[in-house]
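Asks: Here's the letter readout for the chains.
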Amino acid sequence: MTIPQVIFVVIAAVVLVSAVRVVASRNIVHAALWLILSLFGVAALFAVLEAGFMAVVQVVIYVGAIATLIIFAIMLTRREMREGGLQTHRWWPLPALLAMALFAGLAWLLGSLPGTGATPPALAGDDSVLLLGQALLSPEHYVLPFEVASVLLLAALVGAIVIAGDSRK
Amino acid sequence: MVNLGDFFYTLGMWLQGLLMRAGLSESAARGVFSALVAALLPLLALLTAVPLIWLERKWIARLQDRMGPNRVGPFGLFQVFADMIKIFTKEDITPLGADRIVFALAPVLAVAGVVGLWAVIPFAANAFGVDLNVGVLYLVAVGTLSTLAIMLAGWSANNKYALLGAYRTVAQMISYEVPLVLSLLVPVLLSGSLGLNGIVAAQREVWFVFSAPLAALLFLISSQAEVSRAPFDLLEAESEIVAGFNIEYSGMKFGFFFVGEFLHSFTMGLLGATLFLGGWTGPGVDAYPALGAVYLILKGTFVYFIFVWARATFPRIRIDQMLDFNWKLLTPLGLFLIPLLAVVNRGLSESSLWLRNAALLGANVFLAALVLIILGTRGRSARMRAASAAGPAASRR
Amino acid sequence: MVPLSWYLIVAAALFCLGLYGVLARRNSVAILMGIELMLNAVNLNLVAFWRYLEPARMSGQVFAVMVFAVAAAEAAVGLALIISLYRLRRTVVADEADLLRG
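Chains as they are written, first to last, in the working numbering: chain U, 1 to 169; chain Z, 1001 to 1397; chain E, 2001 to 2102.
Treat the hints with caution; some may be incorrect.
[Said to hold, decoys possible] Computed footprint of chain U on chain Z; a stretch qualifies when at least three of its residues, placed anywhere within it, have a C-beta under 8 Å from a C-beta of chain U: (1) 1132-1141; (2) 1148-1159.
[What the hints assert, rightly or not] Every beta carbon over 10 Å from chain Z, so not counted as near; a handful from chain U, in silico: (3) 6; (4) 10; (5) 21; (6) 24.
Honestly, the hints are just simulated from the structure, not real lab data. The beta carbon of each residue, even a glycine, is placed where N, CA and C say it ideally should be.
Just chain U, with the same shape it has in the complex:
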């Protein structure tokens, strides 16, 4: 195993073990913390894939915003400081079986796809952030989805404030 492969295996192990702890943890705040570790692991994978901008944006958006929001929501919706009780349904073996079957099918399919064993082509020397910015904002590329995404975020912002706002006022 070459060094890049070892690094990949270590980071992937962190991601997957944390994800297992997210869905299997009895204490929901611990689940949120494992989620944060998993998100950091995915950011590290982005960095290994030489998408540095994606890695940093992943940390800013997922860990900095979404994970913080999740922790806030957990703490605002608890009846007591300690957590107990059943966290999964009684029939949890069924989704587990479904997930494992799905994973087995996907893994077999992905492993047998042609062209997925190759080494990556060399990256151009250009600054990928510049190229990404140009792709997001130039009219012949993706400026329309970009603007629509901005409107979506605005709608979500207004909607979240209205829904979660204090209705007693």
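With chain U fixed as given, assemble chains Z and E onto it according to the hints.
Replies: Just chains Z and E now, kept in the frame of chain U:
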């Protein structure tokens, strides 16, 4: 031939040569050298905290017309060591029912969120941790670690008041991240690079504080609010009755939060110096690049002095005033500043350097004047409304 | 070097774990965490394909950026709904929000 003018680069090359002669390949030598720098930078950051705390206490004392520490050692220089010994020897209590792992993790994350910032700051032309092409975004990303640490600290202490304090502190921090990021965008805009090395290199002729003083002001204010430093420290100040999220922490864990806060403030000073005051540029850096580190430290200490000055001068701001100030003044200001500067910068991109910077400065002054006029008219109308509400007799006086 | 299939398998595993989280957990916030895991798996897939098949075009990264935006919007609104539900019914267990059940 040793070029002592480029001290850091020479040192690095010599170390790598040493490692290669010991039998490592070139990439392995570079890897070991990177690991060495990664271990050294946090050490450097934490060691900076020692003279920094003394400096701050002396400055605040003089601004408050008193002497400051002067008993322990000459001029009180060993006061910091005395404080360190005191904190080391305090009992480390974990409250009953607290989540032990998270309780121990939170202070570590708080310091990590500060020390991680030092990885991208360029100390000289060839002395930096790593030259990320997304350095500015990396700063924001590492800043979120501090927010997380405070949330975890407040929750894991099993104390309602710590949790409430943590909610309010995190609300303040994430609110002030918005104008902070907006002000960080201005040097990116003016230099065309998200990497800190590119931003410093673009300030060779004119510093960005002269091109966009309003953005520098925005950065100064929001970075101090981000760090919860006076005048924004209502939630964890010493004279407040309940000390906020770190109420259950004692001993070295509290020491971590304390050091982390001081260091964060100084790191924001270094960042302000890098982004707006030209970083390591200055007279003579082309011939002796190592001089850049001296310039950066001096500029960073100057910005830090402004922070200490603000701390000693202004009264504390209430939390609702703080959030009003953020969402109703700073964020709209940032949002108007960026398109204005973008248009001016682009429109005059063909002209000479001095014309473009003068136009940018003019745009800043125009926007600042506009804000002051709006605030003035609103203030006057509020005063007149209050006077007329108090009764016709009062308003006639 | 690392073959593309390794990245895809990790993404598939993450997706399946998220799916299990959505289907098997009772707490609504835990369900949302499962959804975030699935979105991360999708992003990982997109960026891996971008890097290995066509790094010259930025479409892969643009797609991933759109997924970021959608994930953020959905997390915000979802958590707002959960908080609002908690205020009304004092519970976040998804099974107990069954007023409309026939």
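Asks: Each hint: holds or not?
Replies: Each hint tested on the structure:
1. 1132-1141: With 7 residues in contact (Cβ-Cβ under 8 Å with chain U), the coverage given for the stretch 1132-1141 of chain Z holds.
2. 1148-1159: As far as the stretch 1148-1159 of chain Z goes, the hint holds, because 5 residues have Cβ atoms under 8 Å from chain U.
3. 6: Its Cβ never comes within 10 Å of chain Z, the nearest being 13 Å, so this holds.
4. 10: holds, 15 Å
5. 21: holds, 13 Å
6. 24: holds, 17 Å
Consistency with the previously given hints is maintained throughout, with no hint failing.
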